[in-house]
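Given chain A, work out where chain B should sit, using these hints.
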Amino acid sequence: MEITVSEHAGEKTITILHIDGYLDSSNYTQLIDQAQELFSLGTENLLLDMEKCGFISSAGLRAFYGIAMIMRGNGPPDSSQVWTTFSEMRADIDKMTGACCKILNLQPKVKQSLEITGILKYLDIYNDLETALASF
Amino acid sequence: MVHSMIHWRSKTRFTADIKNLEPIRCLIQEETQALGVCDDDIYDLMLAATELATNTIEHGYKMQEGWIEIEIGYENTDLVIVLSDGAPKFDPTTVPIPNVNLPLKERPMRGLGVFITRHMVDEFTYQLDDAGNNQVTLVKKNILYKDKEDADGNNSQ
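One line per chain: the protein sequences are A and B, in this order. Just so you know, we're using our numbering here: the first sequence kicks off at 1 and counts up by one. Just so you know, we're using our numbering here: the second sequence kicks off at 1001 and counts up by one.
Chain B on its own, in the form it takes in the complex:
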């Protein structure tokens, strides 16, 4: 899907610190609530972003200094969140999907966070931005119903 008509609402840069997971969730909650997204969908988006940001901080930056940028926007009735970071290049969409039906002892160790992320959104894509930073795009479809012009603070009369 080409997102050529995304209306961006915010772009916020956070220090790559595990303590910023809650502020990242608060940002997503505020922005999506303003767009009229229901609580269940907000939870899904917060969980997906938390899992990805956690992986970036713990495995990408290996708990060292860094940044994570969160962009939130919408396209028609779809909600779009882009997470960017300057950690070493890593495409989380290539993480193998664990078979959750296997007996526990036969399961691979890694990939639970990405597995959860895949289930929380409808689109989960990776690319490098123009500066070579990791950029993951999450899309949850058909979850916006409120008048978005009102949400943007515009006069819709």
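Next up, chain A with everything else stripped away, as it sits in the complex:
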């Protein structure tokens, strides 16, 4: 997996992580670490661009959860609170409060396979960049 970083300057600065490759148990912490580094450098708005990510296992959900924890300012992820975090993240999105992490362009097959877990509905997922950027 390769991760590249870009920034969109507007009313709010939005940092975009472009994920290229697969996301599984062998590399999901790499993504969490990158988000942690960005957060510690002051990033408040993070968009995960998954367009070039052709495979995501359940470890990808762990990555999304870990990044959500970080962007909420809760520090290192604690796996015992995974469900609570997803739930609270959805509440944050609904209330438009707190640090934000959003997901862009999940590949259709990836989305379909993870949808069965019932967790994707708790994530803020967009299918086009413009709408994703405007949502922050």
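Do not take every clue at face value.
Taking lysine-lysine pairs in the BS3-like style, the calculated list, with each CA pair at most 25 angstroms apart, reads [unchecked claim]:
1) B:1019 - A:109
2) A:111 - B:1141
3) A:109 - A:52
4) B:1011 - B:1089
5) B:1089 - B:1019
6) A:109 - B:1141
7) B:1019 - A:52
8) B:1089 - A:111
No lab work stands behind these hints, which were simulated from the structure alone.
Then chain B, alone, in the frame of chain A:
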């Protein structure tokens, strides 16, 4: 289902290392593509195998030394993958099915990988092999259409 007529195509042993998840997927992709399996079904099989292999490496071997063996074959139009390992005996088919309709806070923590696996295949069974190793069989039904003799490299003329 008794798989007495399975045509085995390959048997490959991997070190039980999380870095081998991608090589395991590549093997499944190559073998199933050669049999004419469509991309969506290949993805399902790769995801199922990834989830099971991950559990074996992380929970079975607890990230210590070990091996995972992948056998790929077919029976009529069904694709069969057998994952074997020498970790302590564990039957993943007994993992409770999480209720994904429950509110998130009420869900049990474990079992997401097995839950995904169940949805990716039509059969998901466990047994011990003759040597006492864990052996999980995954079957995805009615996904082979290509002339399998061609795929095996035989002359079908």
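inquiry  = So if I understand the rule, the pair passes when the alpha-carbon distance is 25 angstroms or less; does residue 1089 of chain B with residue 111 of chain A pass?
reply    = violated, 33 angstroms
task = Take a quick look at whether residue 1019 of chain B and residue 109 of chain A sit within 25 angstroms of each other, Cα to Cα.
result = holds, 23 angstroms
query = Taking 25 angstroms as the top limit, are the C-alpha atoms of residue 109 of chain A and residue 1141 of chain B close enough?
reply = Between residue 109 of chain A and residue 1141 of chain B the Cα gap is close to 19 angstroms, so the pair holds against 25 angstroms.
query = Does residue 111 of chain A pair with residue 1141 of chain B here, judged by a C-alpha cut-off of 25 angstroms?
reply = With Cα atoms ~22 angstroms apart, residue 111 of chain A and residue 1141 of chain B stay inside 25 angstroms; holds.
inquiry  = Please verify whether residue 1011 of chain B and residue 1089 of chain B have alpha carbons no more than 25 angstroms apart.
reply    = holds, 21 angstroms
25 angstroms Cα cutoff - pair residue 109 of chain A, residue 52 of chain A = holds, 12 angstroms
inquiry  = Run the distance test for residue 1019 of chain B versus residue 52 of chain A: straight-line Cα separation, threshold 25 angstroms.
reply    = holds, 20 angstroms
ask   = Within a Cα-Cα threshold of 25 angstroms, do residue 1089 of chain B and residue 1019 of chain B meet the stated pairing?
value = holds, 23 angstroms
Figure legend: structure checked against the earlier numbered hints; the only hint not met is number 8.
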